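J.: Residue numbers (this note's numbering), protein chains in the order written: chain V, 1 to 571; chain H, 1 to 460.
Some hints here could point you the wrong way.
Label-pair restraints from in silico Cβ distances [stated by the list, open to error]: (1) H/84 / V/161: 50 to 60 Å; (2) V/161 / H/240: 17 to 27 Å; (3) H/323 / V/363: 47 to 57 Å; (4) V/40 / H/151: 53 to 63 Å; (5) H/385 / V/55: 30 to 40 Å; (6) V/129 / H/151: 24 to 34 Å.
A short, non-exhaustive set of chain V residues, derived as facing chain H with CB atoms under 10 Å [what the hints assert, rightly or not]: (7) 38; (8) 44; (9) 47; (10) 54; (11) 81; (12) 88; (13) 126; (14) 181; (15) 185; (16) 354; (17) 355; (18) 521; (19) 523.
Not close to chain V: a few residues of chain H, all C-beta gaps over 10 Å, as computed [stated by the list, open to error]: (20) 267; (21) 274; (22) 356; (23) 359; (24) 361; (25) 369.
Calculated directly from the structure, the hints in this document are not laboratory data.
A quick note: this is a predicted structure, and the numbers were derived from the prediction, not measured.
Just so it is clear, CB atoms sit at the ideal spot from N, CA and C, and this is done for glycine as well.
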Amino acid sequence: MVKVTVDGTAVEVPDNANALEACRAAGVDVPHFCYHPRFSIVGQCRMCMVEIDGAPKVQASCTVPVRGGMVIRASSEKALAARNATMEFLLINHPLDCPICDQAGECQLQDNAVAGGLPVSRTSEPRRQFPGYDRTDIGPHVIADMTRCIQCTRCIRFCNEIAGTGELTFIERGGHTMVWTHEGHQLDNEWSACAADVCPVGALTTKEFRFRKRVWWLKKTASVCPGCEIGCNISIEHREQVVHRFLPRVNLGVNDFWMCDHGRFLAESLNGRDFLKPVVPDDFLKASEPDGRGRRETNWGEALGLVHEKLTAAKPAAVLAIGSANLSTEENWLLAELFGKTVGTPNVEFDADQGPLRRIRNPKAIGADGGFLKGTVAAPNARGAEAAGVRKASGESALGRLLTGSLVPDVLYVADAAFSARTADPAFVAKLRKAKFLVVHARTRSALTDVADVVLPVSGLTGKDGSFLNVQGRVQRFDVAFVPPPIVKTDLEVLLHLGQRFGVFETRWTTADVFGKLAATVPAYGGLAWDAPAVVGLPPSVSPAASYDVLRPPRTSVDDTDKLPAAAGKA
Amino acid sequence: MSAMWPAGYEPVLLARVSRPDSRSIDGYLADGGYASWKKVLAGIATGEWTPAKVTEMVKASALRGRGGAGFPCGLKWTFVPPKEKRGNKPVYLLCNADESEPGTFKDRVFIEKDPHQILEGMMLASFALGVKHAYLYIRGEMVHGAEILNAAVDEAYQKGLLGKNVLGSGIDLDITIHRGAGAYIGGEEPALTESLEEKRGHPRVKPPFPAVSGVWAAPTIVNNVETLCCVKHIVDRGADWFKGYGRNEKNTGPKLFCISGHVERPGVYEAPMGIPFMELLALAGGVKGGRKLKAVIPGGSSAPMLTAAEVANMPLDFDGVAAAKSMLGSAAIIVMDETADIPKAVTNISKFYAHESCGQCTPCREGTPWLNKMLKRLVNGQGKRQDIDLLLQISGQMGNGMTICVFADAAIAPVISGITKFRAEFEAYLAKAASPDFALSAPSDVTKKVAERMAEGIHC
Ligand SMILES: Cc1cc2nc3c(=O)[nH]c(=O)nc-3n(C[C@H](O)[C@H](O)[C@H](O)COP(=O)(O)O)c2cc1C
Ligand code: SF4
Ligand code: SF4
Ligand code: SF4
Ligand code: FES
Numbered sequence: 001m002v003k004v005t006v007d008g009t010a011v012e013v014p015d016n017a018n019a020l021e022a023c024r025a026a027g028v029d030v031p032h033f034c035y036h037p038r039f040s041i042v043g044q045c046r047m048c049m050v051e052i053d054g055a056p057k058v059q060a061s062c063t064v065p066v067r068g069g070m071v072i073r074a075s076s077e078k079a080l081a082a083r084n085a086t087m088e089f090l091l092i093n094h095p096l097d098c099p100i101c102d103q104a105g106e107c108q109l110q111d112n113a114v115a116g117g118l119p120v121s122r123t124s125e126p127r128r129q130f131p132g133y134d135r136t137d138i139g140p141h142v143i144a145d146m147t148r149c150i151q152c153t154r155c156i157r158f159c160n161e162i163a164g165t166g167e168l169t170f171i172e173r174g175g176h177t178m179v180w181t182h183e184g185h186q187l188d189n190e191w192s193a194c195a196a197d198v199c200p201v202g203a204l205t206t207k208e209f210r211f212r213k214r215v216w217w218l219k220k221t222a223s224v225c226p227g228c229e230i231g232c233n234i235s236i237e238h239r240e241q242v243v244h245r246f247l248p249r250v251n252l253g254v255n256d257f258w259m260c261d262h263g264r265f266l267a268e269s270l271n272g273r274d275f276l277k278p279v280v281p282d283d284f285l286k287a288s289e290p291d292g293r294g295r296r297e298t299n300w301g302e303a304l305g306l307v308h309e310k311l312t313a314a315k316p317a318a319v320l321a322i323g324s325a326n327l328s329t330e331e332n333w334l335l336a337e338l339f340g341k342t343v344g345t346p347n348v349e350f351d352a353d354q355g356p357l358r359r360i361r362n363p364k365a366i367g368a369d370g371g372f373l374k375g376t377v378a379a380p381n382a383r384g385a386e387a388a389g390v391r392k393a394s395g396e397s398a399l400g401r402l403l404t405g406s407l408v409p410d411v412l413y414v415a416d417a418a419f420s421a422r423t424a425d426p427a428f429v430a431k432l433r434k435a436k437f438l439v440v441h442a443r444t445r446s447a448l449t450d451v452a453d454v455v456l457p458v459s460g461l462t463g464k465d466g467s468f469l470n471v472q473g474r475v476q477r478f479d480v481a482f483v484p485p486p487i488v489k490t491d492l493e494v495l496l497h498l499g500q501r502f503g504v505f506e507t508r509w510t511t512a513d514v515f516g517k518l519a520a521t522v523p524a525y526g527g528l529a530w531d532a533p534a535v536v537g538l539p540p541s542v543s544p545a546a547s548y549d550v551l552r553p554p555r556t557s558v559d560d561t562d563k564l565p566a567a568a569g570k571a
Numbered sequence: 001m002s003a004m005w006p007a008g009y010e011p012v013l014l015a016r017v018s019r020p021d022s023r024s025i026d027g028y029l030a031d032g033g034y035a036s037w038k039k040v041l042a043g044i045a046t047g048e049w050t051p052a053k054v055t056e057m058v059k060a061s062a063l064r065g066r067g068g069a070g071f072p073c074g075l076k077w078t079f080v081p082p083k084e085k086r087g088n089k090p091v092y093l094l095c096n097a098d099e100s101e102p103g104t105f106k107d108r109v110f111i112e113k114d115p116h117q118i119l120e121g122m123m124l125a126s127f128a129l130g131v132k133h134a135y136l137y138i139r140g141e142m143v144h145g146a147e148i149l150n151a152a153v154d155e156a157y158q159k160g161l162l163g164k165n166v167l168g169s170g171i172d173l174d175i176t177i178h179r180g181a182g183a184y185i186g187g188e189e190p191a192l193t194e195s196l197e198e199k200r201g202h203p204r205v206k207p208p209f210p211a212v213s214g215v216w217a218a219p220t221i222v223n224n225v226e227t228l229c230c231v232k233h234i235v236d237r238g239a240d241w242f243k244g245y246g247r248n249e250k251n252t253g254p255k256l257f258c259i260s261g262h263v264e265r266p267g268v269y270e271a272p273m274g275i276p277f278m279e280l281l282a283l284a285g286g287v288k289g290g291r292k293l294k295a296v297i298p299g300g301s302s303a304p305m306l307t308a309a310e311v312a313n314m315p316l317d318f319d320g321v322a323a324a325k326s327m328l329g330s331a332a333i334i335v336m337d338e339t340a341d342i343p344k345a346v347t348n349i350s351k352f353y354a355h356e357s358c359g360q361c362t363p364c365r366e367g368t369p370w371l372n373k374m375l376k377r378l379v380n381g382q383g384k385r386q387d388i389d390l391l392l393q394i395s396g397q398m399g400n401g402m403t404i405c406v407f408a409d410a411a412i413a414p415v416i417s418g419i420t421k422f423r424a425e426f427e428a429y430l431a432k433a434a435s436p437d438f439a440l441s442a443p444s445d446v447t448k449k450v451a452e453r454m455a456e457g458i459h460c
């Protein structure tokens, strides 16, 4: 650590910090564009100019390594004049049409201009245009508009240094310099939308979100990506019960600043709801409908009463409960408690899909392999389900026997109708249907819900809170984005209500209460608190381009102190 | 061809260029070429010649880099980290033949007329620096020159002067000619190393300096063509001989000057360092048509222009031109007589910089075209009253540490010097303008405030 002074404030920063980071550590906000804590330092934007005692000229603070005793003047007249100058240069060719730019509201150029720029422009020359390079697809997800580019090269460095795919480059030079893909290539890699995240302006935007919602209307909820077992921290960005996008939420120990395109564009899948009320079989309809499977909507009392009745009537060994790697550990734990201990069946199982390999660059993360964290299970909480006492299904397990036809359960209770992609496969569903009574929790309609006897409408990820145990053995909490329509319950509430009928659970328990109970018995959760910072993670940031603003004091000290909680490290 | 050196002066650098067989290795050998290279190689075994000895000679000669900055060459060589520090990393020598500074055409003479002189200089410098592979980076447009150099390198290999165990000395040395892609900025040292690595020729934040981390992150010494030619002559004839040329201890050696513009006989001239400007002008036949001298750009377009009065008693060496608040740079002297239109000249130069900016730093990428657009408008009769001050203010916001490399400082030098020294000519264009006061409504409080804040932005 070295001591430096910024505008009269003494701060201690790591030896390898630069003057810009020292300013940030001292709480002095020096605007900047090209600097990003994960990319090489290039000093290109010239926004972060400061004065440093002993140096005759103004300096780009990001390019100056700190020295003990360094005196930085970030707010001197000369420093401010230099930054004003850069801001003026950045704006002379910028379209300045924020009202029709989708980045407005989370644009660093806009923010810095409003905070420190000048109210009028001195240029009267025509503004530069990039015909053919504006509003153009450069990949499956990203649209480029070079009229807005400030040539900070963050996107280029993302592709070179993080993705390692190097699709982007500068083309042309001088005032015509622009970012484009190499001839014959597309911006197409596993994390391509992160290039749009790091873009401080509206030059790179994603097709999926572009012009979908003005960002200031969006509410941000801290959550965890449902795409794979890595469990990238995300912000669910939503308004009026509609999810508009996912953004990565910084977690230095997991996804760092990134998330993959697969996970990111699952956002849309959280929208839509096909069930607003529980569904139960109806004898009259059954008789009158040719396929003999008539059902009607009802209230929770009747639906849960029926399930309770069937469960008590069934032989315990003939009950099969299927948990899910998509459900929180709390929900899986309640399922294991209720069915394993109260109903008394040995058959509490889950099955998760093997997905394609997902990778997130984070060389410093525990468990990183070749610089990447890797996930192969296509669901976020396989480890949590197992830790909670829900066994992984196998050929010989109850689910396996059901599929081979050697077990015909009296009651099959599926706590997540989408526990596997196979639930869309009619042949698979037909095998599950062999059960005499089939109950499912569901948000959306599927081949499985079509044949179930009882459908219990649940909220999905947006409507609930809970925790997942990721591939590293890290417990990560997600929060409620928005409350579902009244009669819909969360999976946790459904299980609590059912458990109450058996006299073992209380409906007033919150997720935090359940977390507390399971933390007392489940080793992977041992010693953790619902509100522990390591479990909660960092808050969703104000803007994706500035998401590293949570990194105060500078990066290295945060990195160094980032350790997995003792208990979680065991996995 | 009239003499390209002062009467009574014995040319050194240009000695061979007008010989009929100046290009071929046979001609070069017949003129005593490669004697120093052979002498040094033969002297290794006896201990007579060591790398340190060559470096010491170059240091003692006070040779300053001929590429533009005039940095002491021997001192630069000592910046290469010693073997203990650099470990297994090789050292590279990079001969800078990117010559693109407007007004400069001296390196081209060596390349096209006397390529072996360059190669011998590179060999001796490589020996001094422990280089096993030296590169010559030639400007992309010089296709012909690259062909000549490649032929010369082939000849040198054939004569056993390059390759493995050269002349049984135990020294291995390869030389590769690398063609740039045609960018002025490629001549800037870090940009040169980037470009040699087949990346875009972008200047990089320093430190690290190339001498510590250059090509492929290995220590790299970049020297101009003429600098390396001087090295050859220093090893030929000794440091004291070299110091015999020049006005003082810090400005030594024979020097090439490129004179262009309004002179009777433009061309490359050789003269001792420190020759007075007026003498050189006389050598070039004086101002064209006997007209009056108006302005001089003494060191390539990046050097601030000087008035006739400022050059009247100016000696042409690094410190002499610096004393006149300009720079010798690449010694490209552009002479402008009384018919020259300074605003148009400045506009023309500004077009070059707008075209050549690499585009990574905001002030340079945005500022160079802005200056050019404004100047173009001005000379096209659409100037506005505030343009002249604005040009100065914008220029003042571009240099002095605002950018990664000094290109931006180079780009503003002609604008600032042109306006401050010949302001009346710029104002004359305003008088011709259709409505110079067009944009001047009564200043509101806001614009006044802005003007005040902007005024603070000037630090030129
Ligand atoms: C924009 C720019 C362009 C340059 N172009 C050249 C060039 O074309 N040739 C050259 O020898 N030096 C050029 N230089 C200077 C080199 O960076 C470097 O100082 C020089 O090659 C060092 O060699 P020397 O020490 O032998 O002079 C340029 C510098 C700048 C900033
Ligand atoms: S597209 Fe965005 S991230 Fe890329 S250089 Fe331009 S402004 Fe920077
Ligand atoms: S790597 Fe996994 S957790 Fe991360 S964004 Fe992709 S799918 Fe989601
Ligand atoms: S000053 Fe100009 S030429 Fe030099 S690095 Fe910056 S943009 Fe490129
Ligand atoms: S942030 Fe320092 S130069 Fe861009």
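J.: Output the numbers, in ascending order, of every earlier hint that fails for this structure.
T.: 1, 2, 4, 6, 7, 10, 14, 15, 16, 17, 18, 19, 22, 23, 24, 25
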